[in-house]
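A.B. asks: Read off the chains here:
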Amino acid sequence: MKIKPKFTISTKKINGWITFIILLIAAVISVFPFFWMVVGSTNTSADVTMGTMSFGSALKVNWNNLVEKASLLRIFWNTAKTTLIYTFLSVLICSMAGYGFEKYRSKSRNLLYNVFLISMMIPFASQMIPLFKMMNKLKLMDTHTAIILPTLAMPFLIFFFRQSFISFPTEIIEASRIDGANELRIFFSLVLPPMRATFAAGFIYSFMKQWNNYLWPLIVLQSNEQKTFTLLLSSLSSAYFVDYGQLMLAIVLATLPILIVFLTMQKHFVTGIVGSSK
Amino acid sequence: MKKRTKKLINYNAYGWFFVSFALILFCVFTIYPAFESIWLSFQTFDEGAFRFSGLDNFKRMLGDKLFFKSMANTFLFLIIQVPIMKVLALSFATMLNKPKLKARGILRTAIFLPCVTSLVAYSVLFKMMFSMNGIVNNVLMSLDVLSESFQWLQNPIWAKIIIIIALTWRWTGYDVIFFLAAMQNIPAETYEAAQIDGSNSWNTFWKITLPQLKPIILLTMIMSTNGTLQLFDEPMNITMGGPANSTLTMSQYIYNQSFVYSPNLGYSATLSYVIVFIMIILAIIQFRITGDDAK
Amino acid sequence: MKKRFIALTLVVALLITALTGCKAEKPAPDSSGNAKNENNESNNDSTDTSEPTTLTVWAWDDNYNIPIMQLAGEYYAKENPNVSVEVISLAKEDVYTKMQTGLSAGGTGLPDIVLLEDYVSAKYLQTFKGSFADLTDKVDYSNFLPFKIDAVSNSGRAYGVPLDTGASILFYRTDLIQEAGYTDADMQDMTWEQFIEIGKAVKDKTGSYMIVEMAANKTTLLRSMMQSVGKWYFDSNGEISIVDNVALEKGFALIKDMKDAGILYEAEGTGDRAGVLNNGTVASIVNGPWMASTIKAATDQSGLWRIASTPRFSDVEGAVNASNLGGSSWYVFESSKNKDIAADLLNKVYANSTEYYEDIMLAHACVSGYIPALSGPAFETEDEYFGGQKIYQIFADTLAKVPGVNYGGYVAEANDAITAAFAGVLSGDTEIKAALEAADAQLKNQLGR
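Protein sequences appear in the order of chains V, H and C. According to the numbering used here, the residues represented by the first sequence are 1 to 278, in order. According to the numbering used here, the residues represented by the second sequence are 1 to 295, in order. According to the numbering used here, the residues represented by the third sequence are 1 to 449, in order.
Keep in mind the hints are simulated off the structure, nothing from the lab. From the three backbone atoms N, C-alpha and C, an ideal C-beta is built for every residue, glycine too. Heads up, some of the hints might be wrong.
[Unchecked claim] Computed list of lysine-lysine pairs in BS3-like fashion (alpha-carbon distance at most 30 Å, straight line): (1) Lys59/H - Lys129/C; (2) Lys256/C - Lys203/C; (3) Lys102/H - Lys13/V; (4) Lys444/C - Lys129/C; (5) Lys214/H - Lys107/V; (6) Lys138/C - Lys78/C; (7) Lys444/C - Lys65/H; (8) Lys209/V - Lys81/V; (9) Lys139/V - Lys81/V; (10) Lys133/V - Lys337/C; (11) Lys433/C - Lys65/H; (12) Lys86/H - Lys69/H; (13) Lys69/H - Lys259/C; (14) Lys138/C - Lys339/C; (15) Lys129/C - Lys133/V; (16) Lys12/V - Lys102/H; (17) Lys444/C - Lys69/H; (18) Lys267/V - Lys214/H; (19) Lys203/C - Lys259/C.
[To be verified] Some residues of chain C that are not near chain V, with every Cβ distance over 10 Å (derived): (20) Leu71; (21) Glu74; (22) Pro146; (23) Thr220; (24) Glu266; (25) Phe313; (26) Asn352; (27) Leu362; (28) Gly428; (29) Glu437; (30) Gly448.
The shape of chain V in the complex, shown without the other chains:
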C-alpha cells in the first residue's frame, strides 16, 4: 500500500477535488431556496414578488401580521403532538410487521405482505370518502386521533423495514433463542439497537410524512383549535391578496422544527456511516 506510484496519488487528489466541486454545486442548489425563504420572511410582500435577494426590515411587521391571524403556539402544539405520536406508533407498528414478515416466513404471511404492497398503490383520493364516512361513524371527526389512526400501518414503511431486516443475520436470532431469550425481547433488545440507523431513517420518513400531511387533515379537521401548520400555509397562500412576506415567514416557521428533527436524527444514522468507513 505504501509503495504506490506518485501519479496515482495526484490523480486521486484531482478526483477528490472534482467530487468536492460537484457536490458543492449540488449543495448550493439544494440550499438556495432555503436561503431565499429566510430572506423573503424579512421583506415586504411587494419586495418578495419583485424578486428581492437581500435581507429587508419587514420581519417584525410580518411577524405581527402572522400572530394576529393565527394562534401559532396552538398550531405548533397540534402539529408537534400529532406528528410525534404518529411517528412513534407507526415506526413501532411497521417495524414489528416488517420483522414479522421477514423473520417468521410463512406462505400466508407472504401473501398478506403482497396485499400490503399492492394497497400502497391505491390513490388516496379514492379512499377519502369511505374513510371520511367511517370517521364520522366512529365520532372521530375533528379529532387528532382521526388524522393519526388511518395511516399508521404504512405499507411503504413495512416494506422498508422488511427489506432492512433481510441484512440482519438470522443466526444471531437463533443463537439467542437457544439461550432461551423471549421473542419480543430478541426484537427490542437484540435486533433494534444495531439497526438504529434504519430506525432513524424510518423515523424521519414517518415524521416528514405526517408533519407535511395535508389532504387528510384538511378533510377531517373542522375547527380552528385543531389546525395544523400545512392548513395554515394553505389558507395563507390562497387569499385574494397574498401577503408573501408573511407567507414566507410562516413557511420558515413551519420548516424549522422539521429541520431540527431532521438534523438530530441524521446524526444518528450518520455516525453509523462514519463508523463503518473508519
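The hints should help you fit chains H and C onto chain V, whose structure is shown.
C.D. replies: Chains H and C in isolation, oriented as in the chain V frame:
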C-alpha cells in the same frame, strides 16, 4: 423431533403477533375503504344520490381523451425523471460515502435538506424562481444566455422540464439518504480488500457497491414509481396542469373529477383502479428485473 | 435489558393514552363559553336563541371575507347576545374539497354557513339538491341586484345571500399612460382596439407591458368580455354556448392581438402577477375591486394608479363598458342544527343593514349587491392612492350597467376547456373556430352531455 415441531408452531404465532397491529389497522382503514371505493366505481352520483350504473364509468374512460393525455404525461415523467434521479442519487451517495471528502457533513446535510420542505413552501418557491422576475431569468440574463426574460412555465416542453427539475430537487436527497443508509451496511473491510487488490473506484462501485445496494434500489424504485404515478402536488401547485394540459397528471385528473368539477366520485374511483392495475404490473416487472426472491 | 423493555412499554402505553386523550381535549362545537352569555334575559327575538349558540362558517380570505363575516357576527350579537360566529379559515379550493366530501358522505361534517363563489354555486345546488336550506321565504330579497339574485337561485328558489360583487374595472398606471402620450380621459369608456393602440405606445415608450393575465387560467379577460355583452359559456337555459359564442370568438382574436403586439404579460401565479403590477413591468389590469389591495401593497406608487371602466367590444351589439367578475354568496346547509338562526343572521345583517355594508366597504373594499348600500356618504370617500378618485362610486356605477347572465355552475370545467383550447390559438397552431370546437367537445365530454 416432537419438541421442534411444537416450537415451529410457536414461532408462527409470534409471526402473527408481530404483524397483528399493522394487520388490524390495515383491514379497518385500507381494505374496507378499498372495497367500498371499488363498489363506488360501478356507480354514478346524480342529484345527491349514488345509483348503480354498471360499466358506464369504464366505457366513459375509454372515450376520455383527457385521461389518456394525463396518462401519457405521467408516463413521460416516470420514464425521464426517475432514471435521472436514481443516477444522480447513486452518484451523490457514492461521493458522499468517501471518507476523505472535505466538509462531508455539511455537504451531506445540504443535499438532504430539500426533502424536508412542505408542499406549499416548495411550490411557492419554484413558481417564483421561474417567473419573469425570478432568479433563473435574472441569472441567465446576466450571463448573456438570454437576452430577455423567458416565460418558462408557458412553454409546454419547458413546463414539463421544470416539473422534472422540481421533482429532482426535492426527492434526490431523499434517495441519497436511503442509499447512504444502505452503504453503511457494506463492511468497510470489503472496500479495503478491493483497494488492496488495486480495484479503482469505478470498478468498486460496479462490483461491490451496486450489487449490495440492490434491495434498496428496488425499494426506492418502487417508491418513486408509486410516487410518480400518483404525482399530484407539483403539477397542481406549480403549473396547475398547464399550459394546455401539458403537465396534467392522472392523479390530478382524478382529483379534478372528485373535487374541482361536478363530483364524479364513481368515475374517479374507476380511474383510480386503472392506476392501481398499471402499478401492479409495473411492480411485478420491477421485481422480475431485479430478481427479488421474495416474490 | 429488561429495564429498557419495560421503559419502552411504558412509553407506548403513555402514547396510547395521549392518543385516545386527543378526543376529550376538544371542546364540543356548540358549547362556546362565550362571555356574551351573561345577558341571557335580554333575548326577545322570534328565533330561538335562548341557548348559547355558535354558528360555524367556512370562508377563505383572512383579509377579506373572514373578518367581514366576523363583523356580521358582532352585528347580530348586539340583538342576539347568545349567538356567536366562528369563522374557519381555509383555502378557497379547500372549502370546495371539504364541502364536496361532506356532501358526498351524506351531509356530515359540515358547518352552518359556507361561502361559495357565484361561478360554482349552481353546480352544487344542482348536484346536491336538498342539501342547502331554501332561504326564499326567510330572507328579504327585494333589495338585491337582479343578477345577484339569479346567481343564488335554482329553479326559482333562492338558496344564498349575496356577499359581494366583482365589478370589472380597469386599473392602470397613469404615469406610464402619460409617458406614452395619452391622458386619463383617453382611458375612459374606450374600445378594446383603442386599448391595444395605447398599449403599443406604452410598450414603445416605456417598455412596460400593457396588461397582465394569469397564464394557467387565461379566462379573466374572456369572462369580463363575455358578460359585457350578456354572453356566457352557457345560455339562459344552461346549454353549452361556445362554438357560436361571438364574445368568445372576438375575445380570442383580441387577446391574440395583444399577445402578438407584445403587450400581454402572462403571469405564472398570483405572486408573479402582484410583482409585475408592483414594479411597473405591467401598466394595467382588468379585475374586480379586491385587486385594489394587491396594487396598494406597493406604497411607493401611491398617486400613480387610476381606475377606469373596462374597455368594450367595438363591433358586438349591446356591448357596454361594464362587466362583472365573480363575487360570492353565503349559503346555509340543510343539515345544520342552527339553520334558522343562520338564516336569521343572514337576513338581519345582509338584507337589512346598510350600516354594516358601509363598514365592510370602507374596511375591506367589499362592494355589495345590496342596492340601498350602493349609494350614500361612504361613496364620496376619495382614495389618495388612486389620485383622489371616488373609487366606490365608480364600482357602484359599473354594477348598475352589468348585463345579467346565467353562470350555469360549471364554470371550472368551462374555464379549463377554454384555457386548453386557447393555448393553441395563442401559439398560432390552431384557428379560432377549431379551438372553440375543441373546447366545446372537451366540455361536453366533461359534463357527460
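A.B. asks: Does each hint hold? Answer for all of them.
C.D. replies: Do the hints match the structure? See the list:
1. Lys59/H - Lys129/C: Holds - the C-alpha atoms of Lys129/C and Lys59/H are around 27 Å apart, at most 30 Å.
2. Lys256/C - Lys203/C: 16 Å, holds
3. Lys102/H - Lys13/V: Roughly 11 Å separates the two Cα atoms, so the pair holds.
4. Lys444/C - Lys129/C: Holds, at about 22 Å.
5. Lys214/H - Lys107/V: Holds: Lys214/H and Lys107/V sit about 24 Å apart, inside 30 Å.
6. Lys138/C - Lys78/C: 20 Å, holds
7. Lys444/C - Lys65/H: 12 Å, holds
8. Lys209/V - Lys81/V: Holds, at about 14 Å.
9. Lys139/V - Lys81/V: The given pair, whose Cα atoms are some 20 Å apart, holds under the 30 Å limit.
10. Lys133/V - Lys337/C: 19 Å, holds
11. Lys433/C - Lys65/H: 20 Å, holds
12. Lys86/H - Lys69/H: Holds - the C-alpha atoms of Lys69/H and Lys86/H are around 26 Å apart, at most 30 Å.
13. Lys69/H - Lys259/C: Holds. Lys69/H to Lys259/C sits at ~27 Å (cutoff 30 Å).
14. Lys138/C - Lys339/C: Distance ~11 Å between Lys138/C and Lys339/C Cα, so the pair holds.
15. Lys129/C - Lys133/V: 20 Å, holds
16. Lys12/V - Lys102/H: 13 Å, holds
17. Lys444/C - Lys69/H: Holds: Lys444/C and Lys69/H sit about 17 Å apart, inside 30 Å.
18. Lys267/V - Lys214/H: The given pair, whose Cα atoms are some 25 Å apart, holds under the 30 Å limit.
19. Lys203/C - Lys259/C: 12 Å, holds
20. Leu71: 16 Å, holds
21. Glu74: With a cut-off of 10 Å, Glu74/C remains clear of chain V, as the shortest Cβ separation is near 17 Å.
22. Pro146: It holds; Pro146/C is separated from chain V by about 25 Å at its closest Cβ, greater than 10 Å.
23. Thr220: The claim holds: Thr220/C sits with its nearest Cβ about 13 Å from chain V, beyond 10 Å.
24. Glu266: Glu266/C clear of chain V: closest Cβ-Cβ about 16 Å, beyond 10 Å.
25. Phe313: 27 Å, holds
26. Asn352: 26 Å, holds
27. Leu362: 17 Å, holds
28. Gly428: 30 Å, holds
29. Glu437: Its Cβ never comes within 10 Å of chain V, the nearest being 31 Å, so this holds.
30. Gly448: 19 Å, holds
Violated hints: none; the structure is consistent with every hint.
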